[in-house]
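Trainee: Spelled out, the chains give:
Number of protein chains: 2
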Amino acid sequence: MQYQAPVDDMMFLIKDVFDLENRLKGIADFSEFDAELYNAILEEAGKFATGILQPINRSGDEEGCQFDDGVVTTPKGFKEAYQAYVEGGWQSLTASAQYGGQGLPKSLHVLVEEMFYSANSSFCLYGSLTAGAYHLLQAHADDVIKDQYLAKLISGEWSGSMCLTEAHAGSDLGILKTKAEPQEDGTYKLSGSKIFITGGEHDMTDNIIHLVLARLPDAPAGPKGISLFLVPKFMVNDDGSLGERNGIRCGSIEHKMGIKASSTCVINMDDATGFIIGGPHQGLRCMFTMMNLERLSIGLQGVGLGEMSYQQAFDYANDRLQGRAEGVEGTAPIIRHGDVQRMLKTMQAYTQAGRALAVWLGAWLDEAFHSEDEAVVSKAQNMAALLTPVAKAFFTDIGYEVCTIGQQVFGGHGYVREWGMEQHVRDARIAQIYEGTNGIQALDLIGRKIVSNKGAFLSELLTDMRDDMQSFSDTSHKVILASQLEELESLSIKIVEHFSADQDKQQYIACDYLHYMALSLYAYLWLKMAETGKDGKKESMQFFFNRLLPRAYGLKKSIENELGL
Amino acid sequence: MQYQAPVDDMMFLIKDVFDLENRLKGIADFSEFDAELYNAILEEAGKFATGILQPINRSGDEEGCQFDDGVVTTPKGFKEAYQAYVEGGWQSLTASAQYGGQGLPKSLHVLVEEMFYSANSSFCLYGSLTAGAYHLLQAHADDVIKDQYLAKLISGEWSGSMCLTEAHAGSDLGILKTKAEPQEDGTYKLSGSKIFITGGEHDMTDNIIHLVLARLPDAPAGPKGISLFLVPKFMVNDDGSLGERNGIRCGSIEHKMGIKASSTCVINMDDATGFIIGGPHQGLRCMFTMMNLERLSIGLQGVGLGEMSYQQAFDYANDRLQGRAEGVEGTAPIIRHGDVQRMLKTMQAYTQAGRALAVWLGAWLDEAFHSEDEAVVSKAQNMAALLTPVAKAFFTDIGYEVCTIGQQVFGGHGYVREWGMEQHVRDARIAQIYEGTNGIQALDLIGRKIVSNKGAFLSELLTDMRDDMQSFSDTSHKVILASQLEELESLSIKIVEHFSADQDKQQYIACDYLHYMALSLYAYLWLKMAETGKDGKKESMQFFFNRLLPRAYGLKKSIENELGL
Numbered sequence: 210m211q212y213q214a215p216v217d218d219m220m221f222l223i224k225d226v227f228d229l230e231n232r233l234k235g236i237a238d239f240s241e242f243d244a245e246l247y248n249a250i251l252e253e254a255g256k257f258a259t260g261i262l263q264p265i266n267r268s269g270d271e272e273g274c275q276f277d278d279g280v281v282t283t284p285k286g287f288k289e290a291y292q293a294y295v296e297g298g299w300q301s302l303t304a305s306a307q308y309g310g311q312g313l314p315k316s317l318h319v320l321v322e323e324m325f326y327s328a329n330s331s332f333c334l335y336g337s338l339t340a341g342a343y344h345l346l347q348a349h350a351d352d353v354i355k356d357q358y359l360a361k362l363i364s365g366e367w368s369g370s371m372c373l374t375e376a377h378a379g380s381d382l383g384i385l386k387t388k389a390e391p392q393e394d395g396t397y398k399l400s401g402s403k404i405f406i407t408g409g410e411h412d413m414t415d416n417i418i419h420l421v422l423a424r425l426p427d428a429p430a431g432p433k434g435i436s437l438f439l440v441p442k443f444m445v446n447d448d449g450s451l452g453e454r455n456g457i458r459c460g461s462i463e464h465k466m467g468i469k470a471s472s473t474c475v476i477n478m479d480d481a482t483g484f485i486i487g488g489p490h491q492g493l494r495c496m497f498t499m500m501n502l503e504r505l506s507i508g509l510q511g512v513g514l515g516e517m518s519y520q521q522a523f524d525y526a527n528d529r530l531q532g533r534a535e536g537v538e539g540t541a542p543i544i545r546h547g548d549v550q551r552m553l554k555t556m557q558a559y560t561q562a563g564r565a566l567a568v569w570l571g572a573w574l575d576e577a578f579h580s581e582d583e584a585v586v587s588k589a590q591n592m593a594a595l596l597t598p599v600a601k602a603f604f605t606d607i608g609y610e611v612c613t614i615g616q617q618v619f620g621g622h623g624y625v626r627e628w629g630m631e632q633h634v635r636d637a638r639i640a641q642i643y644e645g646t647n648g649i650q651a652l653d654l655i656g657r658k659i660v661s662n663k664g665a666f667l668s669e670l671l672t673d674m675r676d677d678m679q680s681f682s683d684t685s686h687k688v689i690l691a692s693q694l695e696e697l698e699s700l701s702i703k704i705v706e707h708f709s710a711d712q713d714k715q716q717y718i719a720c721d722y723l724h725y726m727a728l729s730l731y732a733y734l735w736l737k738m739a740e741t742g743k744d745g746k747k748e749s750m751q752f753f754f755n756r757l758l759p760r761a762y763g764l765k766k767s768i769e770n771e772l773g774l
Numbered sequence: 210m211q212y213q214a215p216v217d218d219m220m221f222l223i224k225d226v227f228d229l230e231n232r233l234k235g236i237a238d239f240s241e242f243d244a245e246l247y248n249a250i251l252e253e254a255g256k257f258a259t260g261i262l263q264p265i266n267r268s269g270d271e272e273g274c275q276f277d278d279g280v281v282t283t284p285k286g287f288k289e290a291y292q293a294y295v296e297g298g299w300q301s302l303t304a305s306a307q308y309g310g311q312g313l314p315k316s317l318h319v320l321v322e323e324m325f326y327s328a329n330s331s332f333c334l335y336g337s338l339t340a341g342a343y344h345l346l347q348a349h350a351d352d353v354i355k356d357q358y359l360a361k362l363i364s365g366e367w368s369g370s371m372c373l374t375e376a377h378a379g380s381d382l383g384i385l386k387t388k389a390e391p392q393e394d395g396t397y398k399l400s401g402s403k404i405f406i407t408g409g410e411h412d413m414t415d416n417i418i419h420l421v422l423a424r425l426p427d428a429p430a431g432p433k434g435i436s437l438f439l440v441p442k443f444m445v446n447d448d449g450s451l452g453e454r455n456g457i458r459c460g461s462i463e464h465k466m467g468i469k470a471s472s473t474c475v476i477n478m479d480d481a482t483g484f485i486i487g488g489p490h491q492g493l494r495c496m497f498t499m500m501n502l503e504r505l506s507i508g509l510q511g512v513g514l515g516e517m518s519y520q521q522a523f524d525y526a527n528d529r530l531q532g533r534a535e536g537v538e539g540t541a542p543i544i545r546h547g548d549v550q551r552m553l554k555t556m557q558a559y560t561q562a563g564r565a566l567a568v569w570l571g572a573w574l575d576e577a578f579h580s581e582d583e584a585v586v587s588k589a590q591n592m593a594a595l596l597t598p599v600a601k602a603f604f605t606d607i608g609y610e611v612c613t614i615g616q617q618v619f620g621g622h623g624y625v626r627e628w629g630m631e632q633h634v635r636d637a638r639i640a641q642i643y644e645g646t647n648g649i650q651a652l653d654l655i656g657r658k659i660v661s662n663k664g665a666f667l668s669e670l671l672t673d674m675r676d677d678m679q680s681f682s683d684t685s686h687k688v689i690l691a692s693q694l695e696e697l698e699s700l701s702i703k704i705v706e707h708f709s710a711d712q713d714k715q716q717y718i719a720c721d722y723l724h725y726m727a728l729s730l731y732a733y734l735w736l737k738m739a740e741t742g743k744d745g746k747k748e749s750m751q752f753f754f755n756r757l758l759p760r761a762y763g764l765k766k767s768i769e770n771e772l773g774l
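Protein chains in written order, with this note's numbering: chain A, 210 to 774; chain B, 210 to 774.
By construction, these hints were calculated from the structure, which means they are not laboratory data. Treat the hints with care, as some may be off.
The list cannot tell twin chains apart, which means a pair is met if one copy fits it or any two copies do.
Cross-link-like lysine to any residue pairs, in silico, SDA-like; alpha carbons within 20 Å at most [unchecked claim]:
id : residue 1 : residue 2
1  : Lys398    : Gly460
2  : Lys355    : Gly488
3  : Lys766    : Glu696
4  : Lys386    : Asp427
5  : Lys703    : Phe578
6  : Lys747    : Gly773
7  : Lys234    : Thr672
8  : Lys398    : Asn416
9  : Lys433    : Ala541
10 : Lys687    : Glu748
11 : Lys554    : Glu771
12 : Lys388    : Asn527
13 : Lys714    : Gly536
14 : Lys703    : Asp225
15 : Lys554    : Phe523
16 : Lys687    : Arg675
17 : Lys433    : Asp677
18 : Lys714    : Ile544
19 : Lys743    : Gly286
20 : Lys224    : Glu241
Work out the full structure, taking the sequences as your base and the hints as a guide.
Mentor: Here is the structure:
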């Protein structure tokens, strides 16, 4: 089944729901862009997803990456697709014009990312890591490094990798052991071993630029003693040509449940030459610059795979004949059965709300990075900080659930490999784990984004939402939403007031709290979408309010029970 | 990590919670059994699971079944393990003594099944289908067939397969097309093609006895025109020796998400000789005899894999050092983190309650099949009918969730194949689909087990539970449970009163209703377990009431919204 890029629904968000053109108009960097351009880009992205990426998705899964003596070969067609990706300018969409990027807004890019993840999640990861690398360098590297590396990363001629995890240090990066010895020429020699390095080695680019966390000899223990280094696979000469092979090598690749066409590498460094980025012991701080972007990107993997699974399940449910239904002669398509309807509506209601949240968050990222108004930047930074862990964790938890439902719609045909539905589940599963497990996201939300600012970020967000809701005309749902938001606020205040110092209690409720907040936000987004009067949105909104929002009641009760409220 | 058979928790259920020895004492067939025997069998089963089945679980997944020109080869070690399984008497545990079975109670057997599914789900399926076949033949075949086939199926010398699904007929068996032509000698010639036939071909037994649904030439359309046939792979001579190869052959095997060591076959019949079982057009009725047993068995796959995943996650969480915790010098084991605790407790609370429900249901099956008291039989049949879809669907939905959580505890190490955590997820996933999808289970529950008897079965069950609860001493939890059961009852009555004729509404809420009921039953079982005073049970009960039972509130609200209540 061919992927159908949901350009209409995306343009509906851009124009009718968020009116991005007007919202971003005041920002100089975006002043020349309009909705027509956004539409054209989405159309092209859809074609690229359907024509280039989707055709090698299942074969990529079947074939996987191959490892032989340090060399990683990507599955058939990946090199060519990557070439087309670079030539189409897809890597440079949001990158700074100064280094050859197109400077387009993140609120548009999230939609392109969603499409590409729908069509081929493994493929997307290579470019996503590259984007993380150049955003990081742009923010923290000195001009020499920028001049040498940025243009080639932005174009996609070279790719990037993020080398954080070690065998004994995953969620807890503070205990990592990779060493960086300063050299007389100002460079460093790195030694150590990293695992789970996505795109750490492959055959699609001439060079790979690794961003590596390591410790200097004098580093204090824990997270404050971590520094960041750029370690190229091949050294780069002053004229930009490639020099000698650096001492950073792929030792093996992992055999995984899914995303099999994405290479997941053990990366060994043996006196590899590196360049410090952002100064000594500033590694984690620098890393966090790009972490928000990467986390949102991984969230979109959840939305994208959910959309893909939904499209296939919807088609299958229309084609597959089983059982009787009123008004149908003979055997009915299974979409006529209530339980199948429930499954499809659940998939759709979650996926479309996720897409909306992604654009909403994307717009705040655009303001945070590009607005010249300090007040706008500051608020947007807060909103992006608050919403990023919600997006990453909820999109991916729900993405996995949605893909599982899509597989269920296919019955036994969903369990065999042939139809590809089980691949979506396997591919979606990783998104709950990498780029910070969803448990870590939940702790980030409750600890850093709620408790540490005493709920100020949430309060800012709620003020915005309530202002917006004033114009809503659907009184009955508005009342439900208003009370939902009040309960969210009041529960959050109680957490801040009584459990700010109780890390244990925070941990115990973190995941439930994140889901509770996300469902509340989805309710707002659904009502906002329904208010436009667009066909079908009111029904989906009602379905969400009736059938999915109630999950929030259970979560609230669970949190209250844990906290003794 | 080696599987640890949870014999203690199992004996706790047998003795302290359900007092099976006394409950079954009055049944002649079980009069010679006692708890000591049950304990000895569980100990042996545990050794078999750990020593024989678990060691070939991951290799079986890696290697899978191989197909070559009609011949299916099981993975290395499976033939030998099957031989040990037969020699150990594991196939004949609950079968009738008349044909060489050991006649042990189902309430014990469910625990053995759980262990075997924990250790190697693929392996278990072969024997589970054989058991389904001999229970069916025992109930519906004539003496000639019984004498010829039962002893060899019960011993496991031959295996069984259930041939129901066709490419266009899955949940809707009424439209199946396989034809059976009556012959002058009283046999039939079958032609047609079946798919998704578990154990339909393999190399572990000399003969495979297929039970095939097909249509006679004069059959009425729909489910009432289906007949059941015994179709052996090799014809059986009068002296019991094997005769000529029958025209039933494996055309290919499926490539699946999981249970890769279980052969899932396309079975083609070309004038295959078959023997009718149970008379013309009685096929579905006969099939349903064994369906309850098969469904419970598949439910146990969910419980078993959940237990396995829990054991590994628990061990890993004790070993894996990440982050700080109060009172721990240096890096703490992740089990000290609240979010990990929540995950482990969720896994445990669900799995142990599932095990309890399995024994509870097993005891009713024992009474239904073996009691000589008609009133006992009738009530037990009702309870088994009511609880079977709940067990099948909830055990497996939760089994998948629990395995997913277990994988999450491992972080990235859970996503790579090495540790085996992702195999549990893939193996568990099928259990929600086969033996009647969980959607079908939910429709069975609400349609046939609630609405069609106007809630009488549920009312009988609730009366039992309330009687039992009178002796409970934990007043505060008893109040919560009592109100939960009242709400379940009142919602069920409303469904019966207002939606008996509304199939569509029933479908829309069926899955939510099943989960809602299951959570209510788990609450009862947890309080019942806690009442024994056994170590740790009270804490788990509290966790269940605080953190998991609240899901039921959300489900209730969702159902009420859908029904406009």
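Trainee: If you test the structure against every hint from before, which numbers come out violated?
Mentor: Numbers 5, 7, 12, 14, 17, 19, in rising order.
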